[in-house]
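Residues per chain are reported as follows:
2 protein chains.
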Amino acid sequence: MNIYQTYEPSQIRELIRKKEITGPTAGLAEGYAQANLMIVKKELAFDFLLFCQRNPAACPLLDVLEPGDPVPRKSAPKADIRTDFPKYRIYRKGILQEEVSDISAYWEDDMVAFLIGCSFTFEHALMLNDIPVRHIENGHNVPMYQTNIACKRAGVFHGPMVVSMRPIPAHQITRSVQVTSRFPSVHGGPIHIGDPAMIGIANVDQPDFGETSVIKEGEVPVFWACGVTPQAVVMHTKPEIAITHAPGHMFITDQRDQQLGVL
Amino acid sequence: MNIYQTYEPSQIRELIRKKEITGPTAGLAEGYAQANLMIVKKELAFDFLLFCQRNPAACPLLDVLEPGDPVPRKSAPKADIRTDFPKYRIYRKGILQEEVSDISAYWEDDMVAFLIGCSFTFEHALMLNDIPVRHIENGHNVPMYQTNIACKRAGVFHGPMVVSMRPIPAHQITRSVQVTSRFPSVHGGPIHIGDPAMIGIANVDQPDFGETSVIKEGEVPVFWACGVTPQAVVMHTKPEIAITHAPGHMFITDQRDQQLGVL
Chain A
1165 MNIYQTYEPS QIRELIRKKE ITGPTAGLAE GYAQANLMIV KKELAFDFLL
1215 FCQRNPAACP LLDVLEPGDP VPRKSAPKAD IRTDFPKYRI YRKGILQEEV
1265 SDISAYWEDD MVAFLIGCSF TFEHALMLND IPVRHIENGH NVPMYQTNIA
1315 CKRAGVFHGP MVVSMRPIPA HQITRSVQVT SRFPSVHGGP IHIGDPAMIG
1365 IANVDQPDFG ETSVIKEGEV PVFWACGVTP QAVVMHTKPE IAITHAPGHM
1415 FITDQRDQQL GVL
Chain B
1165 MNIYQTYEPS QIRELIRKKE ITGPTAGLAE GYAQANLMIV KKELAFDFLL
1215 FCQRNPAACP LLDVLEPGDP VPRKSAPKAD IRTDFPKYRI YRKGILQEEV
1265 SDISAYWEDD MVAFLIGCSF TFEHALMLND IPVRHIENGH NVPMYQTNIA
1315 CKRAGVFHGP MVVSMRPIPA HQITRSVQVT SRFPSVHGGP IHIGDPAMIG
1365 IANVDQPDFG ETSVIKEGEV PVFWACGVTP QAVVMHTKPE IAITHAPGHM
1415 FITDQRDQQL GVL
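Taken in sequence, the protein lines are chains A and B.
According to the numbering used here, the residues represented by the first sequence are 1165 to 1427, in order.
According to the numbering used here, the residues represented by the second sequence are 1165 to 1427, in order.
Accuracy of the hints is not assured; some may be wrong.
All copies of an identical chain are treated as equivalent in the list; a pair is satisfied when it fits inside any one copy or across any two copies.
[Claimed, not checked] Below, a list of computed lysine-lysine pairs in the DSSO-like style, where the Cα atoms sit at most 30 Å apart:
1) Lys1206 x Lys1316
2) Lys1316 x Lys1242
3) Lys1316 x Lys1205
4) Lys1206 x Lys1251
5) Lys1402 x Lys1206
6) Lys1238 x Lys1206
7) Lys1238 x Lys1182
8) Lys1238 x Lys1205
9) Lys1402 x Lys1205
10) Lys1238 x Lys1316
11) Lys1206 x Lys1257
Hint data in this document are derived by calculation from the structure and do not stem from the laboratory.
Bound conformation, chain A alone:
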């Protein structure tokens, strides 16, 4: 429980814009969909849009903004994606150059912003089904791993899929597949269930992003495609400039989680 749990999305965004909220956004404005960010120049926008279309589990699109337009007219028409994430990452030629809390100074008229669905939506649905979500129970960021699963290439964009992991009690795995499959626009059903080595994860206790989740007796690690994938792709593709959110520091949209369910 946190004091911001029951705030409206617009209230949270205002606090973020004023830099009164600067940390991870899990649990804020509960019930509203949060989003990952990827910004590229217009000349790469077709390739990246095609990359998302070909890799819908990792990069499910909630909103694609008009070139040069920082306002997400579909998902939060009064917001501004240059100021409404708590933390951003600036990548130049695939290298993380800096983390900032406002990208107004970096924004250019030929940039295109992509908002990508976030697993926080289905975590709420898991908990409503009495399926435990360890990193929320323990109050830390979700563990994320680079895998040996290659994303489908599109134009210049290619790279490995990043996944998030949740330990699920064995008897609840089927239900966790059902619950998350309802939400394809926030990564959908799991990518992998069980042995981490099969998808190239050497040590499940050493995530590449986020923090370790303890796997208890009788639990199985279950892996979902993750919206941090574009950052791994940027590191491989090395565009002149790309701007993303910092993992866990998301954008809160005006769309309710339940509106994203396919049935």
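Start from chain A and add chain B according to the hints.
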């Protein structure tokens, strides 16, 4: 029942290529997904891809081919979209100029082909649920209508949604919503249920494309977004050149219908 019902997709495509099959493809290679076609020049490809992303009910993408590549490497890697539809339409500046059975002579290195999901997939699922599909029962093309529902604009592309109509017995409407919602990549659940006038259809017995379906006592007209929408959009947007399939004359992919179900 038709003699081609049990053929493999590759066999049907070969007969189409040899011009031994030249008519509508409904019921051919049953159980395999069929696709609508839209081809635009590379300079418009980002706008059209964004249009599809913003209008997923009307334009659910099964495959987007590389610029200049006529081979659908994801959905039918041994096919050629220039020869494997029975009939194509060539639009210049939004005007239908001609219908041809092969577009090899029109193909250019900077063209991008989009394969869009087709309702034939969910019709099979409806029938497996004992929900009647009138135009299949009566052996004619599905009735399609231009509506007053505006698609969401993307770049230069805008225009009205085209829908297909199936008369459904009132007590089976809920089930028809459930069954078709499983298949968002072939238009998903209905766009409208009931009074045709509410979506701008003046006379349900006079479709804009295809042929009339009789609505029996106790049945309600149910409308689904239709992959002919890009043709209405081309008429509004008037690009120099666009190539589509002729309504009902689809491409047969190697993907099974059931592989497109989200759950």
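- Message: Going through the numbered hints above, which ones does this structure break? Give me the numbers in ascending order.
- Response: Hints that this structure does not satisfy do not exist here, as all of them hold.
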